[in-house]
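Asks: Take a look at the letters that make up each chain.
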Amino acid sequence: MSADVSDLSLVRRVQRGDKGAFDALVLKYQHKLVKLVMRYVRNPAEAEDIAQEAFIKAYRALPQFRGDSAFYTWLYRIAINTAKNAVVSRDRSPIDYELDRNSHDESYEMQGRMKDAETPEGLVLTDEIRSTVNAAIDALPEDLRTAIVLRELEGLSYEEIAAAMDCPVGTVRSRIFRAREAIDRRLREVFEGGLGRAEELG
Amino acid sequence: MNEELDSQLSAMFDDELPPQECELLARRLSRDELLKARWGRYAVVGAVIRAERGVRLNAPLAGLVNAALSAEPALGAHAVPSLAQQARLRWWQPLAGGAVAAGVAALSVLWLRAQAPLTVTPLAAQRLPATLSAAPGAVALKAVDAGAASYVTPPAPLVRPMLVPSTQLANYVVAHSMFSSPVTRRNLLSSFITSEQAAAEAEAPQVDVQSNAR
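If you read the sequences in order, they're chains D and B.
Just so you know, we're using my numbering here: the first sequence kicks off at 323 and counts up by one.
Just so you know, we're using my numbering here: the second sequence kicks off at 0 and counts up by one.
Worth double-checking, as some hints may not be accurate.
Below, computed lysine to aspartate or glutamate pairings styled on EDC-like, alpha-carbon distance capped at 20 Å [claimed, not checked]:
#: 1; chain 1: D; residue 1: 354; chain 2: D; residue 2: 476
#: 2; chain 1: D; residue 1: 341; chain 2: B; residue 2: 71
#: 3; chain 1: D; residue 1: 354; chain 2: B; residue 2: 51
#: 4; chain 1: D; residue 1: 341; chain 2: B; residue 2: 31
#: 5; chain 1: D; residue 1: 357; chain 2: B; residue 2: 32
#: 6; chain 1: D; residue 1: 341; chain 2: B; residue 2: 32
#: 7; chain 1: D; residue 1: 354; chain 2: D; residue 2: 375
#: 8; chain 1: D; residue 1: 379; chain 2: D; residue 2: 390
#: 9; chain 1: D; residue 1: 354; chain 2: B; residue 2: 14
#: 10; chain 1: D; residue 1: 357; chain 2: D; residue 2: 449
#: 11; chain 1: D; residue 1: 379; chain 2: B; residue 2: 71
#: 12; chain 1: D; residue 1: 341; chain 2: D; residue 2: 375
If you're looking for bench data, these hints aren't it; they were derived computationally from the structure.
Chain D extracted, bound-state conformation (with noise of 0.2 Å):
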C-alpha cells in the first residue's frame, strides 16, 4: 500500500475546496502536533496555540502542496517553523523577558498551570478518556490488543503486523478494526454521556 493515500485523498479534496476534508486531517493529527510542538513550549494551552495557527498556515499554503512529501511531514515543517517563531516573539517580549530571567522553568509552569485552571473540567475529561481507553485496551482479548498496540504504538504497517503475527493481512485488517470498535463504544460513553458535556470532541 502506499503512503498517505488517505491522507492525499483528503488534502485533494480541500484543494478542491472542501474545506470539511480539513477538519478531518486536523482531527488526525491535533495530538501529534501538540505533542510535537511541546518539545519547544511546554505550556500546554501555548501548544494548542501554536498548532492551531499551524493548522490555519497548513490550510493557506495548501494550494502549494504537491504531495511530493508526506502530508505530516509537510505539517510537520510548518509546526515546527510556527513553534521556533513563537519562542522566538516571546522571548523579545520585555514581560516574558523579565520573568524568563528570574525563573524560566517556573513561569512556564505558572503560565501553565493559570491556563488549565481555566478548564479543570477539561483536565478531568482528559484523565477520564485516558483511563477509559486504557481499561478497554486491557479488556481486548490478547490477538486484537497486540494488533492495535503494534499499530499505534509501533507504527508497524498491516503487512509487518501480518508477518509478526503470522496471520493475513485481512486478518490484521478486521482485528484492529475490532479493537478499535471495543473501544470506541466505551469511549463514545465517555464523550457522549457522562463528562462529554464540557466539551465536545475536536
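Use these hints to put chain B onto chain D, whose structure you have.
Replies: Chain B alone, transformed into the frame defined by chain D:
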C-alpha cells in the same frame, strides 16, 4: 452504523485502504459528522496508546481551526485532478507523447523518401536568367560568361543536390498558408529565396573572377 464502512474507515486511518476506496470514503468523511467524530475518536485512542502526556485529549482544536477558517474562501481556485485521474494521466501521457513523436518522424521519413530523385532546378536558378536579363549589365555579363566557359574550370552545375526543391517547399508553404501566420510565412519564403540567391551568387563570382583574369 455500517460495519463495512467502519472497517474501511479504520483501514483509511492507518493508510491501508486502496486509493479508489480512499477517494470515496474521503468524500463521505468530509460530509458525515458522525463518521468524522468516530475518526476523531480513533485519533484519541492512538494518542492514549502512545501515552502522549500533556496533550489534552478533549482539546477543541478542530473546532477552533474550523471557526478560524470559516471566514476564509474555499481553496477551489486550483483545479487539482483526483488521485485516480492523476494515475490515469501519468501512464498514458508519456505513451501518447512518444506515439505522436514517432508518427511525425515516420511520416517525415516516408515523405522525404517519396521525394527521392532530386534533380529539379532550384527556384533561384530558374529565376536568375530573368533577373540578369533585366539588370543593366546583363548583356555584357552574358557575353563574358559565354567566352569564359571555354577555358576555365567548368562551373559547378547549377543543379544542387537538395532534399526538397525550393519550388515545392514554396508551393507547400503557400498552399498551407492558412495554418501559418503572415510573418512566419514571409520569413520562410524569404529564407528559401535567400538560400537560393546565396547559392547563385556563390557561383557568380567565379564568372567575375574569370573575366577579370582575362
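Asks: Hints first: check each against the structure and report whether it holds.
Replies: Outcome of the hint check:
Between the alpha carbons of residue 354(D) and residue 476(D) the distance comes to roughly 15 Å, so the proposed pair stays at or under 20 Å and holds. Between the alpha carbons of residue 341(D) and residue 71(B) the distance comes to roughly 10 Å, so the proposed pair stays at or under 20 Å and holds. As the CA atoms of residue 354(D) and residue 51(B) are separated by approximately 8 Å, the hinted pair is consistent with the 20 Å bound. Proposed proximity of residue 341(D) and residue 31(B) is supported: the alpha carbons are some 13 Å apart, at most 20 Å.
Proposed proximity of residue 357(D) and residue 32(B) is contradicted: the alpha carbons are some 26 Å apart, above 20 Å. A threshold of 20 Å between alpha carbons decides the hint, and for residue 341(D) with residue 32(B) the separation of about 13 Å falls inside it, so the pair holds. Of the supplied pair hints, the one linking residue 354(D) and residue 375(D) holds, its CA atoms being roughly 15 Å apart against a limit of 20 Å. A C-alpha spacing of about 18 Å is found between residue 379(D) and residue 390(D), which places the hinted pair at or below 20 Å, so the restraint holds.
Distance restraint check for residue 354(D) and residue 14(B): the Cα-Cα separation of roughly 16 Å lies within the 20 Å cut-off, and the hinted pair is therefore satisfied. Restraint check: the Cα-Cα separation between residue 357(D) and residue 449(D) comes to about 17 Å, which is no more than 20 Å; the hinted pair holds. Our distance criterion of 20 Å between C-alpha atoms is met by residue 379(D) and residue 71(B), whose separation comes to about 12 Å. With a C-alpha separation of about 16 Å, the suggested pairing of residue 341(D) with residue 375(D) holds against the 20 Å cut-off.
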